[in-house]
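The chain contents come next:
2 protein chains.
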Amino acid sequence: MNVVLFLGIGIVISLAALGYAFYLYRKILSFDAGKGKVVEISSYIKEGAHAFLRAEYKVIFTYIFIATITIFIGFYFGYDHISGLTENSNTNIVVDQTQYSDLFYGLGTALSFLMGSLFSLSAGYVGMKSATNANSRTTTAAQKSGIIKALDVAFKGGSVMGMSVVGFGLLGLFIVLALSFAFGLDPYEAITYSAGYSLGASSIALFGRVGGGIYTKAADVAADLVGKIEAEIPEDDPRNPAVIADNVGDNVGDVAGMGSDLLESYVSSVIGAATIAALIFTAVHRMDGILFVMTVAFSGVLSSIIGSFFVKGKEGKSPFKALKMGTYVSAILFIIFTFIANVLFLDTINSGLYTDPNGIFMNIKNFEFEFAPFFSIIIGLSVGVLIGLVSEYYTADAYRHVKNIAKQSETGHATNIIAGISTGMESTLIPVLILATGIVSSYFIGGLFGVGLAAVGMLSTAGITISVDAYGPIADNAGGIAEMSGLDKGVREITDQLDSVGNTTAAIEKGFAIGSAAMTSIALFSAFIRKANLSAIDIATPKVMAGLIVGAMLAFFFSSMVIKSVGKAANEMIEEVRRQFREMPGILQYKQTPDYAKCVEISTAAALKEMVLPAMLAIITPLAVGFFFGAQVLGGLLAGTLATGIMLAIFMANAGGAWDNAKKLIETGEFGGKGSIAHKASITGDTVGDPFKDTAGPSIDILIKLMTTISLVFAAAFGLGLF
Amino acid sequence: MNVVLFLGIGIVISLAALGYAFYLYRKILSFDAGKGKVVEISSYIKEGAHAFLRAEYKVIFTYIFIATITIFIGFYFGYDHISGLTENSNTNIVVDQTQYSDLFYGLGTALSFLMGSLFSLSAGYVGMKSATNANSRTTTAAQKSGIIKALDVAFKGGSVMGMSVVGFGLLGLFIVLALSFAFGLDPYEAITYSAGYSLGASSIALFGRVGGGIYTKAADVAADLVGKIEAEIPEDDPRNPAVIADNVGDNVGDVAGMGSDLLESYVSSVIGAATIAALIFTAVHRMDGILFVMTVAFSGVLSSIIGSFFVKGKEGKSPFKALKMGTYVSAILFIIFTFIANVLFLDTINSGLYTDPNGIFMNIKNFEFEFAPFFSIIIGLSVGVLIGLVSEYYTADAYRHVKNIAKQSETGHATNIIAGISTGMESTLIPVLILATGIVSSYFIGGLFGVGLAAVGMLSTAGITISVDAYGPIADNAGGIAEMSGLDKGVREITDQLDSVGNTTAAIEKGFAIGSAAMTSIALFSAFIRKANLSAIDIATPKVMAGLIVGAMLAFFFSSMVIKSVGKAANEMIEEVRRQFREMPGILQYKQTPDYAKCVEISTAAALKEMVLPAMLAIITPLAVGFFFGAQVLGGLLAGTLATGIMLAIFMANAGGAWDNAKKLIETGEFGGKGSIAHKASITGDTVGDPFKDTAGPSIDILIKLMTTISLVFAAAFGLGLF
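Top line first, the protein sequences correspond to chains A and B. Sequential numbering of the first sequence, starting at 1, is according to the working numbering. Sequential numbering of the second sequence, starting at 1001, is according to the working numbering.
Don't read these hints as lab results, they were simulated from the structure. From a predicted model like this one, the values you see are computed outputs, not experimental measurements. The reader is advised that the hints may include incorrect statements.
Have a look at the derived ranges for each label pair, beta carbon to beta carbon [said to hold, decoys possible]: (1) B/ARG1579 <-> A/GLN592: 26 to 36 Å; (2) B/ILE1229 <-> A/GLU575: 50 to 60 Å; (3) A/MET325 <-> B/ILE1069: 52 to 62 Å; (4) B/PHE1320 <-> A/LYS58: 47 to 57 Å; (5) A/GLU575 <-> B/GLY1586: 40 to 50 Å; (6) A/LYS591 <-> B/GLY1490: 54 to 64 Å; (7) A/ARG582 <-> B/PRO1234: 46 to 56 Å; (8) A/ASN2 <-> B/THR1437: 52 to 62 Å.
Computed cross-link-like contacts, DSSO-like style, restricted to lysine-lysine with a CA-CA straight-line distance of at most 27 Å [said to hold, decoys possible]: (9) B/LYS1407 <-> A/LYS598; (10) B/LYS1228 <-> A/LYS407; (11) A/LYS37 <-> A/LYS317; (12) A/LYS407 <-> B/LYS1609; (13) A/LYS407 <-> B/LYS1598; (14) A/LYS407 <-> B/LYS1568; (15) A/LYS568 <-> B/LYS1674; (16) B/LYS1609 <-> A/LYS568; (17) A/LYS609 <-> B/LYS1407; (18) A/LYS674 <-> B/LYS1228; (19) B/LYS1609 <-> A/LYS228; (20) B/LYS1228 <-> A/LYS568; (21) B/LYS1609 <-> A/LYS403; (22) B/LYS1046 <-> A/LYS609; (23) A/LYS228 <-> A/LYS37; (24) A/LYS674 <-> B/LYS1609.
Away from chain B, derived, C-beta distances all over 10 Å, residues of chain A [claimed, not checked]: (25) LYS27; (26) PHE104; (27) ASP152; (28) LEU171; (29) LYS317; (30) LEU344; (31) GLU368; (32) THR437; (33) GLU493; (34) SER500; (35) LYS543; (36) PHE557; (37) LYS564; (38) GLU601.
Glycine included, every Cβ here is placed at the ideal spot set by N, Cα and C.
Take these sequences, add in the hints, and give me the full structure.
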């Protein structure tokens, strides 16, 4: 294959995605931003979100600076150790023995790390900017032109995010590859550098998710507890001092944080598959193997761009249908493109056909038949969709689980909580069985490369799925602005319609994010084992077993840290809101304007303070375990965090979603309706579920991926460890 | 060593423990049972407990009958398959190739399974009988003679249970071994049969824990919700229709269920270590290796009997000190006995000294030095004590975590729940690090046998620790009887003092139970791998990874089933209590006696109905996975359930304990005291914690052990599986 041609196409498609995002952004700005209260409230939210991201980025930049220097020094001076690997002669696999110039290796990895960090920050920032501009315009569109126009504005707002994520993510990757080839590195070396890029993206994702997640939920919990329960004012009421912080939170957590998260997933899955390609193909076909993965990736971006044109609201039809249409078109296009890619790369794929009868025990089994890569990708795509549907089943009020939680709320707070927790735990069953089937079947037909491709397949249409997901918080914000500006009921009804669709898509998206994190991590994990030159990770060895239980514990401990942080930050906020109600008694009579900025400030400071420790835990633990106890034990640790983390992530996402919708169901008048015992109990459940579903749950996804990515980058350096 | 002599000593000591239990039981009956209301209330509880156990045992007998037949048929007809193993020539280990007569093998395993079941049931039954007789006598002693006599009666009541458990447990094991030797079987065969015994005990333990746990918590939750919150009557108020069922629950769950649970742990740990001994020692030393393990076991029983004489209350001193003294004396005696055993078996141990430099990678590493077995046992003992202390730290109101939960209750139900959940999750950190250190260090000095011995060491003094644990529910019941009989405040104060000690010992015990379950399972897991003739279980293989995540999921799914069952059973009970309050308005004015029997009946029926499904899941899953997907995948599954299950068990036990004590702390007047917002919120936490700490948490311990035991028994039959 012509390397320059393929890299060129990839760069052009990435730039096209970014260009399209820019076009959409200009388009949004051209819409009517409304007037009076609408503009005022919207500007509060915008300022708050900017202030938080500025402050957050300052903290992160310090961290990036330190990390970049550390990586540079580590790889510069540490390289002698890295090259001192022993070849594993039992397996007929490619062993990492390429010789790099020390300075070059250190500089290259540090720079690609830096680029990964900056691109991830940029994607998040652009998404936030677009969302905070689209919210008031969605409100105004709902007021002036009705639901079709409002849907259009909100979806365009989300698409800026979706396209930026895949555009930035892929562009960076292509730049790393192109530069590496320009410097004459071989494909395997090029992929090694790109793991640094992925590490940069992962680190930012963790900070973004944890920081943004703490921010948004601290504000939300405080606004609910003091506003709804103590002061008995409705949601999104302008008298609530925490209401702006709550709306800001949607933008910094659910938009910027989510964007960095999925950029990371997306990049990691591509690099995971490319690393496996580099390891399993012989020298002749290695470059083509990597190009095949890249082609699959840019096909997904192209499919997403085209698919997004098909999101068009129709009078009298649910906006959900329009969003679904875009997703379906993208998926179908992607399947067609992938099939073509499989045909184009048939020679390469044929070279990897399954020949070694012992391969099954040695992790080097390749393809069973020549269209195995294509089918592996389809498996991944299907697993993602199916897990998303199961999440919907467990969290939508049309099904029995949410109804049951609402019913259990009638007997009070405790039974509501018990029902939510047991529903969340139960909801791990089907997704895990689907995931296990996906792993085993993609491995069965495509070997490890099959598993890696399945992960890529799952995330391939990320462009459109992120757009749909980012649409949610915009619709939510639009509703808040309508409420706070005192627009008439009709406007709120339209935004509510848009928002309720957003809740469903968010639930589906969360299942999808977990599934892709799991699949990607397993692919990265396999790549790690190969790069660390391990032939097996034997859990029958007590020290690996010890690593396994410590890894499982990390998932719980990390969750506790994040949840505690939300609690602490929420408490500070609660005190502030109470203080304002106490010292400014005019607020509740609409005679005084609450001090929104103070609440925004508190949330910002608390989130920044609290995000550092959990992030450091995720980064330092795998390094420490790897260097002290060796790659085997680290493998056990990763497997433990992976297995337990997936369960916690599914449990928390679904319990949180189900509690939320049980409350909404009761608010429609069922089981006693607003103000009943059941309603009060359901608010408790919703409040408990907030840090579950929007802070701890999504953070665990990244924890898993980040720990595996770090291990992959440093894999060759661990060896047997010091103990 | 003289086999007959050692077996003889073992049988004599086991019988001594049972004889001592019988003596104590007669002694308890000789105490004053009180009069009037005390006798009446106590007889309600006694009748309820008997009724439940009778009904439960009926269900269980059906199951035992089916299981015994199945095992007989399975091993009778299935043996051809089992003997068709291929020897693994890469490892210089003993491979299971002994030839049994088919009929003999089937009959022997089925009979030892039957004996394990019956002995477990007997221990639970005896414990319950003793506890239901000791409760009213403790009340009367508190009323007539003061705290010292009351402590004495309650502890004697608990000791009947403690001594029965170790007596029955060990006696059965010695009988299986003695019979096997009498029939001329070799030591390895004898141990194979004893795994059937362990399986019998495990199965009963699961039914007992799940059934008893559902019973006790359904009653407790209903009594709290309707009684305390809706009718606003205090705890243990005779007007509450569910109050007798609640007290019955303590006896069937926390006494009978706990007894079967620990009997199972105890027996499994001994069999795990003995199986490893049979596998690692050469033919000449194999018998002595097994005898060494048995000697360690009966030393523990002897130490417990002697230690229990040292529990003597002193005027003005906390009863906690007296209980601790007994435990310390037992531990010190056990250490001395173990050292002597190590000296006696020095020849055998020397034969297992570490010689193979490659052993570390092949799971066949033996002892580093000749006192390695002794030190492995000490490690186990220390790990158990340390984990217990950490549980105390997280659940006692003297420390910051419980105080924090109480403080968070001031802002309402949601913050109380969030604080409890994050505390429970955080509390996994230290126990897991201790456990990991224990595993690695015992393995380092003693190889796999070291890990097995550490598990035995942890449970060695089970006789005294169970006595202390069973004392708790008796003191609790005594308080309830005092309250319901309207005795004067002074009596209740004494029983409260006894009860509060019981809460602390229960928390320590729970940590201990989890630690021992983990350690035992890891030992059994190692034995399983060896028996299945696997050289490694490689998590880098995707199908093993799939097994791992499915295993992790099982722990969550199982928990959800058990928690849901408690919820369902509690709901039926709530309806009934409400009905009684509604239809018999005289109850609240003390003019009508509530229909206690109806509540007992409902709890019984619900618990029996709900316990079957989770128990079946635990039993059938490992068998199905093993037969269909092979021993490798089953190994992954077990590791997943083990790693995630440990976390869930610790999380639930400590969250539940902390919520409970936060409520008690508030009831002492802190943070607003009784009736405050904080108090109401803390009751919610306590109610959520009930099924956590007393049903799901302890059931997971058994889930882990049962799944591993089943896998061990059928290990040789799985092979590569059908897929």
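Here is how each hint holds up against the structure:
Distance hint for B/ARG1579 and A/GLN592: a CB-CB separation of about 51 Å, inconsistent with the stated range 26 to 36 Å. Evaluation of the 50 to 60 Å hint for B/ILE1229 and A/GLU575 yields a failure: the beta carbon distance comes to about 28 Å. Between A/MET325 and B/ILE1069 the beta carbon distance is about 58 Å. The supplied range of 52 to 62 Å therefore holds. Range check, B/PHE1320 to A/LYS58: about 53 Å between beta-carbon atoms, so the 47 to 57 Å window is met.
For the pair A/GLU575 and B/GLY1586, the supplied restraint of 40 to 50 Å holds, since their beta-carbon distance comes to about 48 Å. Take A/LYS591 and B/GLY1490: their Cβ atoms lie about 59 Å apart, and the range 54 to 64 Å holds. The beta-carbon spacing between A/ARG582 and B/PRO1234, approximately 35 Å, falls outside the hinted interval of 46 to 56 Å. Checked against the given bound of 52 to 62 Å, the beta carbons of A/ASN2 and B/THR1437, roughly 56 Å apart, stay inside it.
Simply put, B/LYS1407 and A/LYS598 have alpha-carbon atoms about 25 Å apart, close enough for the 27 Å limit, and the pair holds. Proposed proximity of B/LYS1228 and A/LYS407 is supported: the alpha carbons are some 21 Å apart, at most 27 Å. Of the supplied pair hints, the one linking A/LYS37 and A/LYS317 is violated, its CA atoms being roughly 31 Å apart against a limit of 27 Å. About 22 Å separates the Cα atoms of A/LYS407 and B/LYS1609, which keeps this hinted pair within 27 Å; it holds.
Using a Cα cut-off of 27 Å, the hinted pair A/LYS407 and B/LYS1598 holds, with the two alpha carbons roughly 25 Å apart. For a cut-off of 27 Å, the pair hint linking A/LYS407 to B/LYS1568 stands: about 12 Å separates their Cα positions. Between A/LYS568 and B/LYS1674, the direct Cα distance comes to roughly 25 Å. Compliance with the 27 Å bound is thereby established for this hinted pair. With a CA separation close to 43 Å, the supplied pair B/LYS1609 and A/LYS568 exceeds the 27 Å bound.
This hinted pair checks out: A/LYS609 and B/LYS1407 have alpha carbons roughly 22 Å apart, not beyond 27 Å. With a C-alpha separation of about 25 Å, the suggested pair A/LYS674 and B/LYS1228 falls inside the 27 Å cut-off, and the hint holds. For the hint pairing B/LYS1609 with A/LYS228, the CA-to-CA distance comes to about 41 Å; that exceeds 27 Å, so the pair is violated. For the hint linking B/LYS1228 to A/LYS568, the alpha-carbon distance of about 30 Å lies beyond 27 Å, and the restraint is violated.
With a CA separation close to 23 Å, the supplied pair B/LYS1609 and A/LYS403 stays within the 27 Å bound. This hinted pair does not check out: B/LYS1046 and A/LYS609 have alpha carbons roughly 57 Å apart, beyond 27 Å. Only pairs whose Cα atoms come within 27 Å are accepted, and A/LYS228 paired with A/LYS37 is accepted, the gap being roughly 23 Å. Restraint check for A/LYS674 and B/LYS1609: not satisfied, since their Cα atoms lie roughly 36 Å apart, outside the 27 Å limit.
The beta carbon of A/LYS27 is kept farther than 10 Å from every beta carbon of chain B, the shortest such distance being approximately 41 Å. At roughly 31 Å from the closest C-beta of chain B, the C-beta of A/PHE104 stays outside 10 Å, upholding its exclusion from the interface. Every CB of chain B lies more than 10 Å from the CB of A/ASP152, the least distance being 37 Å, so the non-interface label holds. Residue-level check passed: A/LEU171 sits 32 Å from the nearest beta carbon of chain B, beyond 10 Å.
A cut-off of 10 Å between C-beta atoms confirms that A/LYS317 is not in contact with chain B; the least separation is 37 Å. At roughly 27 Å from the closest C-beta of chain B, the C-beta of A/LEU344 stays outside 10 Å, upholding its exclusion from the interface. Residue-level check passed: A/GLU368 sits 14 Å from the nearest beta carbon of chain B, beyond 10 Å. Against the 10 Å criterion, A/THR437 falls within the reach of chain B, whose nearest CB is about 8 Å from its own CB.
Annotated as non-interface, A/GLU493 keeps its C-beta farther than 10 Å from every C-beta of chain B; the closest such distance is 29 Å. Non-interface call for A/SER500 relative to chain B: holds, since the shortest CB-CB distance, roughly 23 Å, exceeds 10 Å. Against the 10 Å criterion, A/LYS543 falls within the reach of chain B, whose nearest CB is about 5 Å from its own CB. Under the 10 Å C-beta cut-off, the non-interface status given to A/PHE557 relative to chain B is violated; the minimum distance is some 5 Å.
Interface exclusion of A/LYS564 from chain B breaks down, the closest Cβ pair being 5 Å apart, not more than 10 Å. The beta carbon of A/GLU601 sits about 21 Å from the closest Cβ of chain B, which is more than 10 Å, so the claim that it is off the interface holds.
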